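Chemist: Sequence:
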Amino acid sequence: EKISCLERQLRERKMQSSPSASSTAGASSPEFLVVLRQALARAVSKRDLTALHAAVGEGRRAGLPEEELARAEQTLSGALEAAAAVTERKAREYEQELRKSLARVRGQERLVHERIVSVRVAMLKYPDLTGAATGLSPDCFESLLQRLEREYCSGEAEPSEVAERRHVKLLEAKPWSRPQSAGTSRSQTRLAVSW
Numbered sequence: 001e002k003i004s005c006l007e008r009q010l011r012e013r014k015m016q017s018s019p020s021a022s023s024t025a026g027a028s029s030p031e032f033l034v035v036l037r038q039a040l041a042r043a044v045s046k047r048d049l050t051a052l053h054a055a056v057g058e059g060r061r062a063g064l065p066e067e068e069l070a071r072a073e074q075t076l077s078g079a080l081e082a083a084a085a086v087t088e089r090k091a092r093e094y095e096q097e098l099r100k101s102l103a104r105v106r107g108q109e110r111l112v113h114e115r116i117v118s119v120r121v122a123m124l125k126y127p128d129l130t131g132a133a134t135g136l137s138p139d140c141f142e143s144l145l146q147r148l149e150r151e152y153c154s155g156e157a158e159p160s161e162v163a164e165r166r167h168v169k170l171l172e173a174k175p176w177s178r179p180q181s182a183g184t185s186r187s188q189t190r191l192a193v194s195w
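Heads up, the sequence shown stops at 195 in this note's numbering, and the numbers go up one at a time, no gaps.
Hints listed in this document are in silico derivations from the structure and should not be mistaken for laboratory results. Note that the structure is a prediction, hence the values are computed from the model and not measured. C-beta: ideal position from N, C-alpha, C; glycine also. One should not assume that every hint holds.
Unchecked claim - Label pairs and their calculated CB-CB ranges:
| no. | residue 1 | residue 2 | range |
| --- | --- | --- | --- |
| 1 | 128 | 97 | 13 to 21 Å |
| 2 | 142 | 38 | 36 to 44 Å |
| 3 | 138 | 93 | 15 to 23 Å |
| 4 | 142 | 111 | 17 to 25 Å |
| 5 | 89 | 147 | 17 to 25 Å |
| 6 | 111 | 137 | 25 to 33 Å |
Could you build the full structure based on these sequences and the hints that come with them?
Modeler: This is how it looks when you write it as structure tokens:
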């Protein structure tokens, strides 16, 4: 919006001073190029791919060097790939931890259900912290729980939804399930989701 507003002002000013001048000249003025470079840097720092594409498009029309635009695109692409790799590693490590926990009670359907319920409650209570700790979105987290539940249970025990209702008061009474202060630390959440 800031780019569009400045571009419009520059074009109007240029037309007032020289009606026959090209509007592109206003868009390519030093002031507008400064705003474009700021938009590129902000999009990269915020990892906002949509904003970057918009800024790159404006940059090409305004005449920014192609090398500069390509460098911004490569920087953001590298940052997104690195973030995705970290998220994937977190998710893989968390699944391994959860499998180890469930393996200790394999064949004991009720205990398996209770552990599934405990981590589900943690996600429902603290979705942001749990997502940061595990690298999983709520949908992916729930999909993982359902898959492990089928894998470690015979299917004869009560569904986890029933167990959740039956044990929710007990789970909420556990020390890790309620904040000790106004906030909840990442380590507390990590303990909750890896119990």
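Chemist: So, against the hints stated earlier in the document, which numbers end up violated here?
Modeler: none
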